[in-house]
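**Student:** So the chains spell out like this:
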Amino acid sequence: MSKKLFLALLLLAAVIITSCAPREESLVVAIPTDPDGFHPHQSVAAASAEIAFNIYEGLVKAAPDGSVVPAIASSWEISPDGLVYTFTLREGVRFHNGRLLEPEDVVYCLSRLVDPEVTSKAQEFSAVDTIEADGDDIVITLSRPDAAFLALLTEFGASIYPPEAEEHLSTQPVGTGPFVLTSWKPNNELVLSRFEHYWDNDLPMMDRVVLKVIPDPSTAVTNLRTGHVDLIPRLEPDYLHQVEDDETLTILEQPMNLVQLLVVNNAREPFDILEVRQAVAHAINRDEIIQGAAWGRGTPIGSNMSAAMETWYVDVTDTYEYNPEKARDLLEQAGYPDGFSAVIHLPAPYPLHRSAGEIIVEQLAQVGIELDIQVVEWSTWLEQVYSNRDFSLTVIGFTGKLDPHTVLGRYQSGSGRNFGNFNSPEYDELIVQGLLETEFEDRHEIYARIQEVLAEDVAGVFLMDPSQLVVMNENLTGWQQYPVYVIDLSTLHWKDR
Amino acid sequence: MYWLQKTFNMVLTLVLVSFITFAALYMLPGDPAQLILGTEAEPQAVETLRSQLGLDLPWWQQYVSWATDMVQGDMGRSITFSRGYPIGELIASALPVTLALALSAMLLAFGLSLLLGISAAARQGSWWDNLVLVVSQLGISMPAFWVGILLIQFFALGLGWLPPGGMPPWHNPGAVVAALVLPTLALAMPRAGIMTRLVRSAMLDTLGEDYIRTARSKGLAERVVLLRHGLKNAMVSIMTVSGIQLVQLLAGAIVIEQVFSLPGLGRLLLSAVLLRDLPLVQGLVFAGTAMVLFTNFVLDMLYPLLDPRITREGVHHGKA
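First to last, the sequence lines map onto chains A and B. Per our numbering, the first sequence starts with residue 44, numbered consecutively. Per our numbering, the second sequence starts with residue 1340, numbered consecutively.
Hints were generated in silico from the structure; no laboratory data involved. By construction, the Cβ of each residue, glycine as well, lies at the ideal position given by its N, Cα and C atoms. Treat each hint with caution, since some may be false.
[What the hints assert, rightly or not] Between beta-carbon pairs, the in silico distance windows are:
(1) Val1515/B to Thr534/A: 26 to 36 Å
(2) Leu1355/B to Glu469/A: 35 to 45 Å
(3) Val1350/B to Ser186/A: 52 to 62 Å
(4) Glu207/A to Ile1359/B: 14 to 24 Å
(5) Asp289/A to Gly1412/B: 41 to 51 Å
Model the full assembly from the supplied sequences, consistent with the hints where possible.
**Tutor:** Take a look at the structure:
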């Protein structure tokens, strides 16, 4: 055989081999900030949890419809008194380091999670009494019923990791999820690769996902339009006009399960008077705010719950309808016939809350309440408004959770998160009942009443659930929207490939 | 003596700057633990986190332990931004990006301004001189970030010639160069504008000197007069201002890195300050100060070479 022929054959073989090899499917996603690390017991930023969802798993996890579905546990049983939870572990679950998951790993991680010495997340699990392995089962015993317990186990903090990897988890996470973190260059990008031994053989559908850190939304949009990025999971509504007319992009608009509200400091004069708060509620026109601040992309809400939480939501938006006339009457009754003036603090990094605040200033001026706007940096907002409660009015958003208790518990008079100083004995009692109640019907009734109390007593004026705007390359599909703050990368895939 | 004194000044400045940075950050409102926990924070959780991060120690203890580690070459770990990541590594990966950007912008600005400034000075009052003045004024008036946005709109979105931002891996030099073209242009423009005017006026000053007339009357070629006699003497004042410009260029890089989403020191610093990542800010300011001081140090060392009248004893004789 001549040398030339041999080379030609070799070349042909190379071409055949490479064309038969499956093409690597990859995806580039723009995210606004770096995670604060990936240690389930230390990292608490929303930016971490939303990515960690693809790397770690707990016994159970959240589903797009808001239910709790199996993950590391294939099934579970709850005793009739609501005190004993028995989880059966799925067989053959592997960690990213290749080792098979053992029941002892679960006991270790969850025992750490409920230890207040180890993590700030422990207090949510104060009802847990014992965690034990029984063969391939995990048995968790509670000291009192906790209806929110199962939903809490879906959170990032309840992830299961191999104890031997704990020391470096923050920067080198090891979980059981569909993706492995293969590289993390802070300020630049994170690379996730397909985990070959994921227990669900159909997932993930991408081989490689690059998360590019792009803080400036306008830069992210440019990258998307020039094809350097395939997906922006959360686009600020202000940038919508830049992508709306681009036919190479798909825009999905879905409720985000975020509660945007005007927080009213219930303990500060004159907002400690119910009539004044009612007047504020009557003076606010939600539709105008949704149009003006969110370009119409939002759903009005009347209490601290988004309609995205279908199971629990009740519509109380018309408790105090928009009626400036009534607002003025109420102010007169309260002893402020000529209105009054106050300060509204708006958080600088959130254009949506700032715009809403600016519209509220106009609306309240109509009934004689003159507001002075103070835009403050985020850390100042957290210290002055949230922590020291030194404010009258502010606009902010609360992210959603799976269980209504976790969402609504913040309005208990003694809660550290109750920075609006809401105080209602009826409410406090209902919240305690809601957690102890294990029958769905009864529980539903309690949370319906809870939502009404918040609206009637004007804990704040609840504005909207702003839509989450997902913008992506038109050839990309498989996005799943969750009522919790996560990005599910496992089901995303390219069309016709 | 000259060397020793300059070195001592440099070290003293570093210590002072690190202490002032620490004090300033310590007094700024905003608690790192609170920033991490956000609107879900319970006071108890904030306390736990504070002690995990070592923020519950008295301020002087925090500074001393930082300084002790620093002297041993350990810059510590990030606490809020990419928690647990070694700060040395963060800086080491961001530094080349900023250096590449700043140096290429500096070279471009320097080259452009020498070319334009000298040619304009040589023909003072000509149409070319006026054109240079107008263009340089335009360069000064347009802020770098605005130039950056315009460049992205035109070359990335419109023509699609160059990427709109981001940084490819270093082992792909072609892509790295392509990624740096627009940011370099944006960063260099305002500097080039200022420096062109400076070179022009420094050259005009020198060209008015007696020895230039002597050189010309000797019958030397105009090129030799301009470069050998004119430029060489104008160089001291050009170098001084260039040093200041380089420092400003590093500051300008913060904005440009944001516009082009480049993972450099500037963006790292901004994230660190916003998230109150105290050790990271400390480390970055330290590195930044060291860079600025080093630039000045090199300039100080260059002066005696350019102008022998600035002696190694640091004594000025007459006009520099």
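**Student:** All hints are to be evaluated individually against the structure, with a verdict given for each.
**Tutor:** These are the hints, each one checked on the structure:
| no. | hint | in the structure |
| --- | --- | --- |
| 1 | Val1515/B to Thr534/A: 26 to 36 Å | holds, 34 Å |
| 2 | Leu1355/B to Glu469/A: 35 to 45 Å | violated, 59 Å |
| 3 | Val1350/B to Ser186/A: 52 to 62 Å | holds, 60 Å |
| 4 | Glu207/A to Ile1359/B: 14 to 24 Å | violated, 43 Å |
| 5 | Asp289/A to Gly1412/B: 41 to 51 Å | holds, 50 Å |
The earlier numbered hints that this structure contradicts are 2, 4.
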